[in-house]
Amino acid sequence: MERVEFVSEEQVVINEDGTRTETMMLNMGPQHPATHGVLRIVLHLDGEMVVKAVPHIGYLHRGIEKLCEHITYQQCLPYTDRMDYIASICNNIGYILACEKLLGIEDEIPERAKVAEVILFELGRIESHLVGIGTNALDLGAMSAFLYCFKERERIYDILETVCGARLTTSYPRVGGLPLDLPENFEEVVRNFLKIFPKTLHEVESLLTRNKIWIERTKGVAVISAEDAVNLGLTGPALRGSGVPYDVRKATPYLGYENYDFEVPVTSEGDAYSRYLCRVEEMHQSLKIIHQALDNLPDGPFIADLPDIVLPEKELTYTKMESLIRHFVIVYEGFKPPAGEIQHAVENPKGELSYYLISDGSGKPYRMRVRGPSFVNMQALSKMVEGALVADVIAAIGSLDIVLGEIDR
Amino acid sequence: MSFDFEQAVSLLKTEFPQDILDTKEYRGETTVFVNSEKIASICGYLKNNLDFTFLADLTAVDYLEIKSPRYEVVYHVHRFGVDCEENIRIRLKAKISDKEPTIDSVVSIWATADWLEREIYDMFGIEFAGHPDLRRILMPEDYGPFPLRKDFDVRNREASKESFEKALEEDTD
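Here the protein sequences line up with chains A and B, keeping their order.
Using the working numbering, read the first sequence as starting at 1 and increasing by one per residue.
Using the working numbering, read the second sequence as starting at 1001 and increasing by one per residue.
With the C-beta cut set under 7 Å, the calculated list includes, among others, these residues of chain A facing chain B:
| # | residue |
| --- | --- |
| 1 | GLY58 |
| 2 | ASN231 |
| 3 | GLY233 |
| 4 | ALA251 |
| 5 | ARG371 |
Quick caveat, the hints were computed from the structure, so don't treat them as lab data.
Bear in mind that the values here come from a model prediction, so they are computed numbers and not experimental data.
In this text, a Cβ means the ideal position worked out from N, Cα and C, and glycines have one as well.
Based on the provided sequences and hints, a complete structural model is requested.
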């Protein structure tokens, strides 16, 4: 058995008196509870200080972009769940919107579907931020905040279950709108959540925001300046935590976000604490959006009337020959967007998620590219932790809120 | 007067009259085809003079037997404007040929490009001249083929098997 080498040769310094100063190489991951998935970081340490941090990714690579080149546009939808599985509904909606843009049918989508998607999207954001804050706190030793967060996350899963039957991998909307109308008690369950959640959010805030240990572990830790953040392409709370107010919902509104009254929270310190504050405030804003959306949830059709794209009603498929044929054609060949290419971006909880779709006029995407926020945000880790303590690496990973399913795809 | 797509494109055209090959509009998005040999100076001009500080995405497409030259490297560059209120996004496309696909790296312009270029190298085998650390990023280091090329054989599992067995061997040594 070969002796495991802990010394990283490139960092050896021979001093004037002939003694050697070595840095130690430490492998953090791929199996490590605080890396939020299979992430490996090679740390070069000088005592307890990080000299260099090199992330290694790809352990969860499934080749989603390649897989999607071989299946129809509708069949790609379940794959999008498996990227950012913390907020799979947001990935789904982002993909559906990209397909609708490629088809040029954005104006045909019924208002009811759009408003329902906004509600689900914001629930997804709350869900993701709860996990982000909860696990970040857990990694730093604050168990109770984590439990409060996960209790609320269960409630959101219950809502998703009433809407689409699935809790984690939703695969919910369809190109053209919703596959089924919202359940009758939808408004009731969401209103119930809106009543309960602010209290818990307040509790989480009171556990963390002025908690001395939490502040000491996160304030001034993993700092990134606004200029570096833009240069590294950070998006989401990681960018807004550094004082840049870029939010896709305001920049290039989709789903009618321009009609909602909400603010983009910005905090300027650029450290882990500032990103935490940004996330908490975003949850408050999401609640505000859900309130407005519920008040304006219109009745009427939930899916567009587009016979070439949308499957016929189940009842008709079973009873009418023409509908059955149409069903077969759409399922087997898929709808065929005109040849062309589009990029569509949405503001996922973790940052900008954009799909770049190229159609060659057939029923399968010629190229489906996913620009995931975690992949790009992850690049900032080395810059954040170099010169910091080992314990701060954990705080940095947690505050970036990455998900490896999306980094590796 | 606010800045818009057309202004950006016409400024690019005046600055690089020879190297802006074509522009296209589709579904409200602007695509600019540029000379791949000048990509670094065009990107540098976009960032430093026109304030496109944010590289939203960087990827490639393989048009095997559809277009010649075969590859296109796609840049989505974004300009925030004051208080992030302008938000102009332009797509740049640079065509590169099949034989020794190489293009200049833009890492020195946008640090974002580091991993994105590594991913393109990993998936398409396109090399980026001047990239500080061009290694495979998602696939194993000793993996041979380039998966997102259109002539990649999806049924061939030998390549994965080889690198897996090699890793096993190293582990038991």
